[in-house]
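Trainee: Position chain B relative to chain A; hints supplied.
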Amino acid sequence: MSDAIEVEGLAKTYNEGRRGVAPVKAVDGVSFTVRCGETFGFLGPNGAGKTTTINILTTLLPPSGGTARVMGHDVVTDAYGVREEIGIVPEISNIYEEYAAWDNLMFTGRLYGVPRRERERQAEDLLRAFSLWEKRDVLSVGFSKGMKRRLCLAMGLMHRPHVLFLDEPTSGLDVQSVLVIRDMIRRLRAEGVTIFLTTHNIEEASQSCDRVAIISYGHLAAVDSPENLKATFAGMQSVEVAFTGGDAGAAGLETLPGVHEVRRNGDKWRLYTDVPGQVIPAVVDCARSCHLTIASLNTLGPSLEEVFVKLTGITPPARPAEAMEGNGRGRPGAGQRRLG
Amino acid sequence: MNDTQGWRRLRHEAVRAWIIAEKDIRIYYAKPPVIMWGIALPFFMFLSWSVGRNRPAGALIPGLVAITVFFTASSIGPVVIPWEKRVRTFERLLTAPVSLPAILLGKTLAGVVFGLAVALVPLLAGLALGAQVSDPASLIAGLVLSSGAFASLGVLFSTLPGQNVGSVMMPATLIRWPLLFISGVFVPLAALAWWGRVLAYLSPLTYANDIIQRAMGGEGYLGSALDAAALLVFWVVFLLAGLRLHELGRQQGS
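Protein chains in written order, with this note's numbering: chain A, 1 to 340; chain B, 1001 to 1254.
Excised from the complex, chain A in its bound form (with noise of 0.2 Å):
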């Protein structure tokens, strides 16, 4: 089998049928597929898609149209197949909080039928990669956010599955957590284990995954290694810098060498760039010339929001919070105007 998650087509529509309320297409048409062994990243937005995607991939809900199948199982009608070959962690730990960490692994692992002395080992084992072995007979109700996840990603592996289905594994964590669980990522992806990992960050998709998929209100934009997407968001990259003690609009940031677009982010003015290095130091001396103070100088990558208008050559439809609100890096909105 080449193949470890094959998808076709999926679509998946809320209150469907439901009288006086309006039908929410939250995935529409979706088709892709994970290679046995690869570790896909499947990013988007939130609202995206990605979660109800991952819900409908590990049997939690059934999809309104198309198919998806698991290690050759289809999640509708080999539901139990699909599951026996699953690991999941969902982005919110869903451990069992007034179980310590030894007797959360060994429930799960008598829910999956592994044998007693097999789940003993693996527990053990599994609570040390975590550094969670001194804490096994502590309730895990005090637990910090990341030992929680750690644990949970534990629980997720008691029964060594061929699928692990991650859903913002390290968002939100302290240090430690995120490098224990992208060592562990490494780890099962050298032994084989095909991982879906759903995120918001490119940077975590970048650095982990094979492939990476781009989901924006559920449609699939692009499905492509990091590198040939990183590629596509060449031009995307922008310099962000705020000025204290003088008009920046006068200072002709807009004319500087590699700038091809300039906006304003309430304070903070946003250069494009392809080449972040060089707009840097021209900043820099347009200060100094202009008697300008820089307050703050930052590069930034391209937010997905960005990501997806480039890749479908699309503008997503309006939702009235997220579209002025976001993170302040999308398309223009209220307080973002072209310079000159």
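Keep in mind that a hint or two might mislead.
Unchecked claim - A short, non-exhaustive set of chain A residues, derived as facing chain B with CB atoms under 7 Å: (1) 35; (2) 37; (3) 76; (4) 80; (5) 83; (6) 84.
What the hints assert, rightly or not - Pairs of lysine-lysine residues, derived as DSSO-like cross-links and limited to a Cα-Cα distance of at most 30 Å, are as follows: (7) A:145 x A:310; (8) A:135 x A:145; (9) B:1031 x A:135; (10) A:25 x A:268; (11) B:1031 x A:145; (12) B:1085 x A:135; (13) A:135 x A:230; (14) A:25 x B:1031; (15) B:1085 x A:268.
If you are wondering where the hints come from, they were derived from the structure by calculation, not from laboratory data.
Keep in mind the model is a prediction, meaning the values are calculated, not measured.
Idealized CB from N, CA, C, for every residue including glycine.
Mentor: Just chain B now, kept in the frame of chain A:
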């Protein structure tokens, strides 16, 4: 799937249902909502009804046992399932190699064990106070079948909308409460008007109270065999209805 595979799968499902029940027993029995809604509330309610009445303790015990089984067994489902949905451990069960019927059976078993264990307290206290068991087999069958019917009623209650225990437990209690007054616990069936008896036949508590009353030397209104059969039917019907509603909710992503 051939017969051997079918039996193996059935055995796996049964084992995993018990593993889930065991986990629920260890984790949730001591949760405050279970103690409050399942033990304290029926106990104090019974106390307020019985204190000052000139009846021997032995005559009150069968009713107390029936109420205890009713409230305790039916408390596990509406506490545990919304709780697990809120903290998303229910998803962990749904994505494990175990079917939804086995998961709900596990929840029911946890309710059955809870109902039986707590019912032993008034039963043993009653025996110490002079109550007698005239038909042990009927008593055991009545307690087990009642616990099963009420525990699966709890699983059905857990399909009420909401992931907050309170928002599920309140309407569940509103449904449970009136059943006390039409089930022959406080007012004997024979003393009810004809329409009252018709309503009583719709309540599983009627059959639980009747079989326990008869097994403890009281006067039953219906036959023990009929009581047992009715409780078994309620057990199956509540479980199937709960399964159907949980399945519908899952399709909508709730």
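Trainee: Looking back at the numbered hints, which does the structure fail to meet, lowest number first?
Mentor: 1, 2, 3, 7, 10, 13, 14, 15
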